[in-house]
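K.L.:
Position chain B relative to chain A; hints supplied.
Chains as they are written, first to last, in our numbering: chain A, 17 to 406; chain B, 361 to 425.
Hints were generated in silico from the structure; no laboratory data involved. Hints may be right or wrong, so weigh each one.
[To be verified] Output of the computed footprint for chain B on chain A, the stretches with three or more beta carbons under 8 Å from beta carbons of chain B:
#1 32–40
#2 107–113
#3 318–326
[Said to hold, decoys possible] Cβ-Cβ distance ranges computed for the label pairs, FRET-style:
#4 A:Lys193 / B:Met372: 50 to 58 Å
#5 B:Glu368 / A:Thr279: 30 to 38 Å
#6 A:Ile388 / B:Tyr373: 22 to 30 Å
Heads up, the beta-carbon is just placed ideally off N, CA and C, and yes, glycines get one too.
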Amino acid sequence: MNRDLEERIDNLDLPYRTREDLKASLEGRDITEEEFNQILEMIFFEYEKTRIEPCEAVGIVAAQSIGEPGTQMTMRTFHYAGVAEINVTLGLPRLIEIMDARREPSTPTMAVFLLDDWAFDRDRAREVSWQIEAAPLHEFGDITIDMENMQVFVQLNKQVCDRRRIAVEEIIETAPKKIREKRHFRDFEVEGDAKKASIVFTPKNQESYQNLFQLAEHVRNVIVQGIDDIERVVVRKEGGEYILYTEGSNLKDVFEIEGVDTTRTRSNNISEIAGVLGIEAGRNAIIQEALSTLNEQGITVDVRHIMLVADMMCMDGEVKQIGRHGIAGEKESVLSRAAFEVTVNHLLDAAIANEVDELNGVTENVIVGQPIKLGTGDVKLIAKPVNLKT
Amino acid sequence: MSEEEVAELLAMYRISLEQLPKIYHDDPAVQAIGGDVGDVIRIIRDSRTAGRAEAYRLVVKRPKK
Chain A
17 MNRDLEERID
27 NLDLPYRTRE
37 DLKASLEGRD
47 ITEEEFNQIL
57 EMIFFEYEKT
67 RIEPCEAVGI
77 VAAQSIGEPG
87 TQMTMRTFHY
97 AGVAEINVTL
107 GLPRLIEIMD
117 ARREPSTPTM
127 AVFLLDDWAF
137 DRDRAREVSW
147 QIEAAPLHEF
157 GDITIDMENM
167 QVFVQLNKQV
177 CDRRRIAVEE
187 IIETAPKKIR
197 EKRHFRDFEV
207 EGDAKKASIV
217 FTPKNQESYQ
227 NLFQLAEHVR
237 NVIVQGIDDI
247 ERVVVRKEGG
257 EYILYTEGSN
267 LKDVFEIEGV
277 DTTRTRSNNI
287 SEIAGVLGIE
297 AGRNAIIQEA
307 LSTLNEQGIT
317 VDVRHIMLVA
327 DMMCMDGEVK
337 QIGRHGIAGE
347 KESVLSRAAF
357 EVTVNHLLDA
367 AIANEVDELN
377 GVTENVIVGQ
387 PIKLGTGDVK
397 LIAKPVNLKT
Chain B
361 MSEEEVAELL
371 AMYRISLEQL
381 PKIYHDDPAV
391 QAIGGDVGDV
401 IRIIRDSRTA
411 GRAEAYRLVV
421 KRPKK
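This is chain A alone, in the form it adopts within the complex (with noise of 0.2 Å):
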């Protein structure tokens, strides 16, 4: 195949998989220029029929086609259908999580790819997970409440230490302050020794023993090494590399810590990738969670119905829910709003605010029984009276 040829493929007003396919299937075989536009001429008149008409009702279209296969799903299922024992809601709460644009999900959680230097050793895979998984205080060493002298007394194991990659300078700097900043607990006192790797902690209040309990509990429990809202890091090889699966999500963390592919990263939680990603992000975010839930459950539905779903929540340059407070709620019909849900209000808000009603769309003709302009509601036929006789 010439260049010519190619660069006139190029030229077509065709999508882009279809001028690939028409290449390659071109490919080695001579044929003449008559031959070629009885191709062209083939492949238009197929690809016109494809499209989808103007006028067509779309939304309503994708809505059965969601819809229907959605009432053959499982009602409840929640129970680690996921890899590696994490739990992952699944099914139709799945999907009405997907569509109301919760901004976080039930069981947000994260597949982490690693970058080649990481995603082939065991060692440095788990190293990077230590990263990630949040680890508390209690952890790395033993902790004793000492109520003569009121203070709550840390004991760091330094082989712990060492093998999760964390020097006891560094717990001793953050276990504060992460108690002051995170857990809004101001009232103590610290003393570090890093040779003998221990922490003190003092309470301000020292004649309280309730306190002293509270601080101690602080101590226990507060995020060293980590990030906080990750709360389990599984480490899975599948394919050759390997892959950490995280219950509990934050992109924004995962993405700065080292050895992290940020190209195939995948978060569940879709407002946060909107946010940390950008709307088309999110948008194709839904399109995959969307999918392959359905898929999950043995549904096929196509693509495009999902994708036209994706496109209007994503419309406005933010993620919005399907409902009253997204798109249902923004629509200009007074009518169609009131027919979707709370009725009186929408009426009562709308006879307040001197709205009116063009009767465009197709809910409010339903209401009022008109025809509605679709289908054959959308020509007009006009009878010309013809003289039968001549």
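P.N.:
For chain B alone, coordinates are given in the frame of chain A:
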């Protein structure tokens, strides 16, 4: 996108600028390419159906809540 391209795009679909999908000015993707409010950005998506598809978004200011 240049102004001419935008005009061409709007003429092709016979829409006004406000009818384009939006993207906030503080969106990470917009910040990365340095778009300003009022710009139209062209997005080339990896489409599942067409292989590659173009989409357009108008950069707007994030409304205050």
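K.L.:
Go through the numbered hints given earlier and state which of them the structure violates, listing their numbers in rising order.
P.N.:
2
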